[in-house]
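*Asks:* Take a look at the letters that make up each chain.
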Amino acid sequence: MEALAHQIIAGIATGGIYASLALALVMIYQATHHVNFAQGEMATLSTFIALSFIQAGMPYWVAFFATIAVSFLIGVAVERLLMRPVQNAPVLTHVGVFIGLLLIIGNLTGWVFGYTTKMFPTPFESDQPLFGGLVSAHQLGSTAVTLAVLLLVYLFFRHTKLGLAMRAAAYNPRSARLVGIRVGWMLALGWGLAAAIGAVAGMMIAPVVFLDPTMMLGILLYAFAGALLGGIDNPMGAVLGGFAVGVLENLAGAYVVGTELKLTVALIIIIGVLVIRPSGLFGRVVLSRV
Amino acid sequence: MSASKGIPASAPMVRAPAQRSIAGWQRAAIVLLGAAAALAPIWVLDSFPLFQLTMAIIYAVAVLGLNIVTGYSGQISLGHGAFFAVGAYATAILMAHFDWSFWATLPVAALVCAAIGFCIGFPALRLHGLYLALTTFALAVAVPQLLKHRALEGWTGGVQGLFLLKPDPPSWLPLSPDRWMYVVVLVIAALMYLLAWNLIRSRIGRALMATRDHPTAAEAMGMDIASLKTRAFAVSATITGVAGSLSAVAVEYVAPDSFTFFVSITLFVGMVAGGIASILGSLFGGLFVVFVPNIAEAISRSAPGVIYGVILILFLFVMPDGFAGLLRRLWARAFGPRG
Chain H
17 MEALAHQIIA GIATGGIYAS LALALVMIYQ ATHHVNFAQG EMATLSTFIA LSFIQAGMPY
77 WVAFFATIAV SFLIGVAVER LLMRPVQNAP VLTHVGVFIG LLLIIGNLTG WVFGYTTKMF
137 PTPFESDQPL FGGLVSAHQL GSTAVTLAVL LLVYLFFRHT KLGLAMRAAA YNPRSARLVG
197 IRVGWMLALG WGLAAAIGAV AGMMIAPVVF LDPTMMLGIL LYAFAGALLG GIDNPMGAVL
257 GGFAVGVLEN LAGAYVVGTE LKLTVALIII IGVLVIRPSG LFGRVVLSRV
Chain D
20 MSASKGIPAS APMVRAPAQR SIAGWQRAAI VLLGAAAALA PIWVLDSFPL FQLTMAIIYA
80 VAVLGLNIVT GYSGQISLGH GAFFAVGAYA TAILMAHFDW SFWATLPVAA LVCAAIGFCI
140 GFPALRLHGL YLALTTFALA VAVPQLLKHR ALEGWTGGVQ GLFLLKPDPP SWLPLSPDRW
200 MYVVVLVIAA LMYLLAWNLI RSRIGRALMA TRDHPTAAEA MGMDIASLKT RAFAVSATIT
260 GVAGSLSAVA VEYVAPDSFT FFVSITLFVG MVAGGIASIL GSLFGGLFVV FVPNIAEAIS
320 RSAPGVIYGV ILILFLFVMP DGFAGLLRRL WARAFGPRG
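Line by line, the protein sequences give chains H and D. Numbering-wise (the working numbering), the first sequence opens with residue 17 and increments by one. Numbering-wise (the working numbering), the second sequence opens with residue 20 and increments by one.
Hint data in this document are derived by calculation from the structure and do not stem from the laboratory. Careful: at least some of the hints might be erroneous.
Stated by the list, open to error - Not everything, but these chain D residues come out facing chain H in the computed CB check (under 8 Å):
id, residue
1, A152
2, L158
3, V160
4, K167
5, L171
Claimed, not checked - To spell it out: a stretch of chain D is covered by chain H in this simulated footprint if at least three of its residues, at any positions, have a beta carbon under 8 Å from a beta carbon of chain H; those stretches are:
id, stretch
6, 174-181
7, 313-327
All C-beta atoms, glycine included, are put in the ideal place defined by N, C-alpha and C.
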């Protein structure tokens, strides 16, 4: 019983990371109907940037926020330089550009920072075991950070003017433009926010899986699975989906398929959701006129 | 749904048969010259460049398979490395565990891939565009883990992989196994290209392009979209699987880490660089993905990936119809009708 509780808590902790990355994916999907295949690589790059900040002598939390700012700028730059020119291109072009971005960022990260696996510090240390050793300090801390990020994002979109403008731009670009919203910049802002959220996810998962240039590939898969499970056009759903996938993955890894087939679990969730209920658990059913 | 979802506007539309006919003897001369040029490397090249050329032709076949499903049928696959792996493992397992000859394993590999492709084609029907890309991406990432799995270890050799040998040349031919391998690959590749060429220029090929460009109109004209798309997947998987099977014997080794997600990406890059929805383009794609990384690797271990990425984006921005499109335009400028 205690082992089961352990697995579920560990699942919730990693699920929080998947939830953040899924949220980043959904933010870009909502605004542009693109799925950013390079989201994981961008998060890895951010984490390496954070590591260099820390190695340069910055305190953890300064490095943390500096990384978020830098990642935000990278996200905005990517939208402006790469995505904007192909805005109205067919899906194949978008997929191609995302894959190109994935290759460039992933390999540049390896080129600059090296391929050796690195330790990444966690700000959450504790001397005595928490809750009778049921949960580690990092698990507790990273879940808290994830929930804080989710809360901030929610408040931003619900209760600020800018958030409302971004939602309007995503929901109905033409009408939004007519009421004076700069839709192009709203998209860029969305990319920036997604990159920033991804950066947080990267910094929170790196102490667990260790930092190397391919760290995020598998995690991106779980984030896809989470986003699809919850409904790729519903941020709240995607977050819940992310947590659910975290728990599911951990339980399946511990009791059903063993750790070697964990990625296959993600694949099966993705195919299962898309075939049985393509709109996800909480998504809208999209009907199109022909 | 927009009319040209998934395909750049410059992809060849359904075309009428060639306007100009070439005399029979001219065609024969072209074929003979082409065959001579293709066989020349056996005597000209050393064994390592010849091996690279062999691999390039194998990749050209794999890219051709991807091009049929993504270029001509408009179903984006980022996971064709999986079929490449299945083809390679089918051949390797039959040769290593059952002592089959390579020739006997080839049709089995093709059939297995056709069956798997057909089965994957069914969920793919419901997942168009982006979702199919996403699912096949997940498949590509998961493949090495599946190959390493303990339940299959007895067959696949686990992480260690399987070793095999190139087929021996027939005794009446004074060729080394490497050179014979090149001939084998060349002949099979030529067959695959002929098959694809005829398929695309047939009623079925035109139906495929019609369902890609305007599914609703195609269905209204009486085309069975579901059956066309699943069969396109099966044919595509077969061709890529044959390429995988050839690669297993050409390299004489298969292991899970040779079939990472990067293989699928390589095929995709080859398709875009060569030319989407172009048969000739697939050939360029194969040459591209083998020779460009070799040059790039001299700079850094990461350079091939970066260059792939840069070229992918650059081509999609400025030359979405790839090398084949560039050649077509140059040709039209030089020999096309004036005015």
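*Asks:* Quick check on the hint: D/K167 CB to chain H CB, less than 8 Å?
*Replies:* With Cβ-Cβ at 6 Å, under 8 Å, it holds.
*Asks:* Hey, does the D/L158 contact hint survive, CB to chain H under 8 Å?
*Replies:* 6 Å, holds
*Asks:* Less than 8 Å between beta-carbons is the criterion; does D/A152 satisfy it with respect to chain H?
*Replies:* 5 Å, holds
*Asks:* Is the coverage entry for the stretch 174-181 of chain D by chain H consistent with the three-residue Cβ rule at 8 Å?
*Replies:* violated (count 0)
*Asks:* Just to be careful: measuring from the Cβ of D/L171 to every Cβ in chain H, is the smallest value less than 8 Å?
*Replies:* 11 Å, violated
*Asks:* Is the hint on D/V160 kept, meaning its closest Cβ partner in chain H is under 8 Å away?
*Replies:* 6 Å, holds
*Asks:* Is the coverage entry for the stretch 313-327 of chain D by chain H consistent with the three-residue Cβ rule at 8 Å?
*Replies:* holds (count 8)
Violated hints for the displayed structure, listed by number in ascending order: 5 and 6.
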